[in-house]
Amino acid sequence: MHVRIGFFVLKGEIDMKASMAIQVLPVVEGDREVVRIVDAVIDLIAKSGLHYVVGPFETTVEGDSMDEIIDLLRACEKKVMEEGAEAVYCYVKLSHGKESILTIDEKIGKYQ
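Counting from 1, one number per residue, gives the positions in the sequence shown under the UniProt record's numbering.
Pairwise CB distance ranges (calculated):
#1 S100 / G30: 39 to 45 Å
#2 K93 / A46: 16 to 22 Å
#3 M81 / D105: 30 to 36 Å
Dumping the calculated DMTMM-like pairs for lysine to aspartate or glutamate here, alpha-carbon to alpha-carbon at most 20 Å:
#4 K47 / E62
#5 K47 / E58
#6 K17 / D71
#7 K79 / E58
#8 K78 / E68
#9 K79 / D67
#10 K98 / D64
#11 K47 / D71
#12 K79 / E68
#13 K93 / E106
#14 K98 / E68
#15 K78 / E33
#16 K79 / E29
#17 K107 / E62
#18 K93 / E62
#19 K17 / E68
#20 K93 / D67
#21 K78 / D39
#22 K93 / D71
#23 K110 / E62
#24 K17 / E106
These are calculated hints, taken from the structure and not from any lab test.
We put the beta carbon where it would ideally sit given N, CA and C, even for glycine.
Please model the entire structure based on the sequences and the hints provided.
What follows is the structure, encoded as structure tokens:
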């Protein structure tokens, strides 16, 4: 199976543990409007039921499969447009593994 994500193609199994760091930058007038739309996206992520941590520049999300993560990515981009943005820049980092990956807590828990 092949999954196309922008310029990248993932080959093989996609039902793996996965995580994503996502930063959405809506193209709108004014900082307050940017914050309003980003807050709407964070609310969408919270309602997904997936484990997530909000940071100052991006939100990190963990899921049980790459499909689950990619579906959420698509929903986030759609939400930005529904909230009135003219366009959206979306910066994404993905991590996945067959068995497991380091969790958010394993990566940063000692700093909390």
